[in-house]
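2 protein chains.
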Amino acid sequence: MRDLLPKDFSKSMFVKDKVRESFRLYGYEEIATPIIESHDLLATRAGEEIRHRLYSFKDLGGRRIALRPEVTASVSRIVATKLRSEVKPLRLGYIANCFRYDNPQMGRYREFWQAGFELFGSTKLEADAEIIMANITLMKNLGFSNILIKLGDVRILRSVLEAEGMSEEGQNVVMGLVDKRRVKRVITFLKSKKTSNAGIKTINKLLSVKGTDIKKVFNRGKKILIHNDKALEALKDLETIINLTQVGGVDNDFLVDLGFARGLEYYTGMIYEIFVPDLGIALGGGGRYDKLVKLLGGEPIPAVGCAPGIDRIVLAMEKKQLFPEPLSKTDKILVIPVNDEISAKALEIAADLRRNGICAQNDIIKRGVRSALSYASKKDYTYTIIVGTRELVKECVILRDMKRNIQKEIALKDLIIEIRTR
Amino acid sequence: MRDLLPKDFSKSMFVKDKVRESFRLYGYEEIATPIIESHDLLATRAGEEIRHRLYSFKDLGGRRIALRPEVTASVSRIVATKLRSEVKPLRLGYIANCFRYDNPQMGRYREFWQAGFELFGSTKLEADAEIIMANITLMKNLGFSNILIKLGDVRILRSVLEAEGMSEEGQNVVMGLVDKRRVKRVITFLKSKKTSNAGIKTINKLLSVKGTDIKKVFNRGKKILIHNDKALEALKDLETIINLTQVGGVDNDFLVDLGFARGLEYYTGMIYEIFVPDLGIALGGGGRYDKLVKLLGGEPIPAVGCAPGIDRIVLAMEKKQLFPEPLSKTDKILVIPVNDEISAKALEIAADLRRNGICAQNDIIKRGVRSALSYASKKDYTYTIIVGTRELVKECVILRDMKRNIQKEIALKDLIIEIRTR
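Protein sequence lines correspond, in order, to chains A and B.
Per the working numbering, the first sequence starts with residue 1, numbered consecutively.
Per the working numbering, the second sequence starts with residue 1, numbered consecutively.
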């Protein structure tokens with residue numbers, strides 16, 4: 001758990017604002033779901049790893065509830081119920097804090113912020129491409145120049161396992177182990193489930209076929225999977241998706257990985273993760289999940305989505321020095337009365353500045369002018385306004401430029417114009 | 001727990017944006033604290049009522065934790081520790097979701113959003129006035145015209161109880177009962193604690209003295225409390241605070257209530273709640289809490305703060321019809337290719353529009369032009385762009401105005417200018 005102090009908060013907010021800008025550009029309507037959901041909803045298809053990491057407890061009414069470890073299940077619940085009769089396609093976005101009882105490590109916190117783009121109602125590959133493009137656009141708008149998309153499809157491994165007669169539960173175990181790159185344990189498990197030698201060989205090969213020379217990867221894949229039509233279709237879809245995302249002369253780097261799996265069990269097709277060079281962690285990812293809405297009690301509605309990780313993006317932007325400096329540049333003004341009798345007048349002046357959209361604060365400590373000026377200087381105020389008895393008689397105050405250390409008398413009626421035009 | 005669907009979410013966001021604007025105007029730096037805190041931190045001085053309503057549980061490490069029921073304790077923890085050496089005064093703001101296991105009722109949810117302004121480091125009444133003014137400014141910027149501030153001071157009742165020799169625990173019980181307006185139970189409790197008849201009489205009187213004729217209230221209060229200097233000082237402070245908030249010719253309505261208590265035990269001075277006419281629930285409130293930072297292990301740092309309730313404000317704005325209609329007016333454009341071959345070209349056009357800051361989406365269902373147009377009409381698109389083979393040869397597309405139901409051919413190179421200048 002972390003506190004976000006003002007500077008870190010501003011960085012997080014900077015990223016969230018860019019996410020909201022991407023929502024607007026791509027037409028995703030933002031929604032919010034509760035942090036607490038029923039344990040069952042969150043555990044469904046979450047994957048063993050995430051189920052173990054749930055913050056789960058009983059509420060005062062005895063219900064088993066949990067803090068959301070991700071938001072796709074909640075959004076799908078809404079699409080299955082409250083938005084059941086909305087016209088499709090339906091584009092929904094969220095920015096939400098999630099919870100996983102992880103061992104803290106770089107860029108991974110127990111409470112973490114995730115954004116999401118979820119696109120419901122299309123089986124077409126244009127939908128998959130849109131989700132990947134939205135994520136790329138976001139990263140580019142944040143200032144990242146080199147982006148690598150690691151791309152795969154759960155149908156590749158799953159259809160080989162299915163051809164071997166493996167149950168869905170068994171497949172989930174394999175996908176979980178593959179996600180954690182436990183290749184030896186994958187093989188042991190396959191053997192325990194009486195997978196054929198040819199099957200084990202195929203899986204083993206697939207786990208090593210990946211690279212940015214995507215033509216080569218696809219060619220090798222087609223050879224390995226020559227007898228598995230479903231897997232071949234997945235390969236062809238990946239090629240199409242890559243072509244669809246290369247619009248307007250933009251070339252994005254893809255790394256195609258035929259042995260790619262992600263932690264969540266609800267994926268049914270394309271999956272991807274997004275990386276920037278020199279930083280070993282994924283800054284977001286997503287995939288297709290065509291069965292989740294039905295599983296949660298709705299009509300069968302195909303879906304594809306992605307979840308950029310806010311905290312990790314902040315971390316990456318810090319490493320790459322992508323945050324503008326300063327993050328915001330509001331002029332701050334401190335209004336200082338020289339004595340207690342004109343304190344009310346100082347309050348009035350500050351209130352008037354604020355009514356005109358200018359950030360103005362009162363000296364509420366009343367330690368005297370010298371100490372107030374020293375505070376203003378430490379706290380990076382742009383100006384101070386010194387309200388003195390002598391000046392007030394002339395309807396004037398003293399405006400002091402704290403950066404340049406110069407001051408001048410100015411008529412109250414000209415104050416706002418003077419500050420605005422500086 | 002609630003889902004906020006797009007329309008409700010926009011309303012909530014509208015209020016949050018105005019809160020952030022108030023942060024900026026008054027110079028409050030926004031921070032974020034974790035939703036999960038140690039049970040002890042959140043239970044300290046929270047008040048019996050809130051302690052009973054905590055979402056409290058043990059985490060996987062066996063620690064007793066809880067979901068925050070409010071944020072002031074967390075902010076004070078930060079000021080007591082990480083921000084210990086910051087120059088004071090320190091102005092911090094937050095917008096956060098909080099949790100109370102309440103019985104749901106109008107404007108009250110188990111997960112609810114609260115904003116907060118917290119001002120650390122000043123014992124001066126100008127600080128109390130600033131907090132109340134910040135809250136009033138926010139309400140006015142949201143469009144509320146009639147605002148009533150219910151004002152009191154916990155020192156009034158507490159110092160009478162103290163003079164009767166009542167322990168702090170006993171005082172807390174009384175304040176809790178007063179907060180819930182259980183007058184009879186207050187009297188029974190006072191009798192059980194051997195409070196003098198004069199003391200009971202004084203408390204009983206104070207519980208009935210309130211009104212918007214503040215001069216009258218203060219005069220009656222001064223008579224009742226004539227022998228209690230501490231309570232008299234509190235009365236005088238309230239008068240000063242009211243005067244300080246009446247700056248720049250602005251008259252706010254105050255209702256002074258000498259028998260006012262709030263649910264939280266950490267208050268040490270002025271307390272207030274903010275109301276709008278015809279709506280029986282407080283839309284925010286706050287007060288002074290000079291002992292909390294020290295209690296949480298820090299130096300003794302005086303503090304005063306307030307917490308506007310986002311959900312209740314949304315509700316009140318709906319009742320008063322204060323939301324602008326429409327809440328946002330982004331033009332939405334749907335790009336429709338007439339057949340699959342030029343689907344990539346349609347993707348490219350949409351991507352180009354977005355690069356120019358225009359919200360553009362692709363038809364990702366590919367049901368044909370007629371069905372896409374019907375979708376665009378149902379979903380309130382401003383324009384559609386129909387990408388046809390014949391037009392593309394001439395480097396043109398068809399731009400259709402969905403509101404006026406007219407369309408025209410337009411050169412691709414003029415598309416963005418055309419849309420921007422419409």
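Think of the hints as simulated: they come from the structure by calculation, not from any bench.
Possibly wrong hints are sitting among the right ones.
Since copy identity is lost for identical chains, a pair holds within one copy or between any two.
Stated by the list, open to error - Dumping the calculated DSS-like pairs for lysine-lysine here, alpha-carbon to alpha-carbon at most 25 Å:
1) Lys294 x Lys194
2) Lys366 x Lys236
3) Lys180 x Lys140
4) Lys194 x Lys180
5) Lys222 x Lys379
6) Lys294 x Lys345
7) Lys329 x Lys16
8) Lys345 x Lys236
9) Lys413 x Lys319
10) Lys230 x Lys366
11) Lys345 x Lys291
12) Lys332 x Lys82
13) Lys140 x Lys345
14) Lys332 x Lys216
15) Lys403 x Lys88
16) Lys403 x Lys319
17) Lys16 x Lys345
18) Lys58 x Lys150
19) Lys193 x Lys403
20) Lys18 x Lys294
The model shown is predicted, which means the values in this text are computed figures rather than measured ones.
Hints, one by one, checked against the model:
1. Taking the shortest alpha-carbon separations for Lys294 and Lys194, neither the intra-copy value of 32 Å nor the inter-copy value of 66 Å comes in at or below 25 Å.
2. In this homomeric assembly, Lys366 and Lys236 come within 25 Å of each other (Cα to Cα) only across copies, at 19 Å, whereas the closest approach inside a single copy is 73 Å.
3. With identical chains, the CA atoms of Lys180 and Lys140 are never at most 25 Å apart, being 29 Å at best within one copy and 54 Å at best between copies.
4. Within a single copy, Lys194 and Lys180 get their C-alpha atoms as close as 22 Å, which meets the 25 Å cut-off; across copies the closest is 68 Å, which misses it.
5. In this homomeric assembly, Lys222 and Lys379 never come within 25 Å of each other (Cα to Cα): the closest approach is 64 Å inside a single copy and 42 Å across copies.
6. When the C-alpha separation of Lys294 and Lys345 is checked against a cutoff of 25 Å, the pair qualifies neither within a copy, at 65 Å, nor between copies, at 33 Å.
7. In this homomeric assembly, Lys329 and Lys16 come within 25 Å of each other (Cα to Cα) both inside a single copy, at 18 Å, and across copies, at 20 Å.
8. For the identical chains of this complex, Lys345 and Lys236 are inter-copy neighbours only, at 20 Å across copies versus 74 Å inside a copy, given an alpha-carbon limit of 25 Å.
9. In this assembly of identical chains, the alpha carbons of Lys413 and Lys319 never lie at most 25 Å apart, being 47 Å within a copy and 39 Å across copies at closest.
10. In this assembly of identical chains, Lys230 and Lys366 lie within 25 Å of each other by CA distance solely across copies; the values are 23 Å between and 76 Å within a copy.
11. For the homomeric pair Lys345 and Lys291, neither the shortest alpha-carbon distance inside one copy (66 Å) nor that between copies (31 Å) is at most 25 Å.
12. When the C-alpha separation of Lys332 and Lys82 is checked against a cutoff of 25 Å, the pair qualifies only between copies, where the shortest distance is 24 Å, while the shortest distance within a copy is 46 Å.
13. Proximity of Lys140 to Lys345 under the C-alpha cut-off of 25 Å is restricted to the inter-copy arrangement: shortest distance 21 Å between copies versus 49 Å within a copy.
14. For the identical chains of this complex, Lys332 and Lys216 are neighbours neither inside a copy (58 Å) nor across copies (40 Å), given an alpha-carbon limit of 25 Å.
15. Only between protomers do Lys403 and Lys88 lie at most 25 Å apart by alpha-carbon distance; the minimum there is 21 Å, versus 56 Å within a single protomer.
16. Proximity of Lys403 and Lys319 under a CA criterion of 25 Å is satisfied in neither setting, with 30 Å inside one chain copy and 47 Å between copies.
17. Taking the shortest Cα distances, Lys16 and Lys345 never come within 25 Å of each other, neither inside one copy (39 Å) nor across copies (30 Å).
18. Proximity of Lys58 and Lys150 under a CA criterion of 25 Å is satisfied in neither setting, with 39 Å inside one chain copy and 38 Å between copies.
19. Taking CA atoms no more than 25 Å apart as the test, Lys193 paired with Lys403 passes in neither setting, with 73 Å inside one copy and 61 Å between copies.
20. In this assembly of identical chains, the alpha carbons of Lys18 and Lys294 never lie at most 25 Å apart, being 32 Å within a copy and 39 Å across copies at closest.
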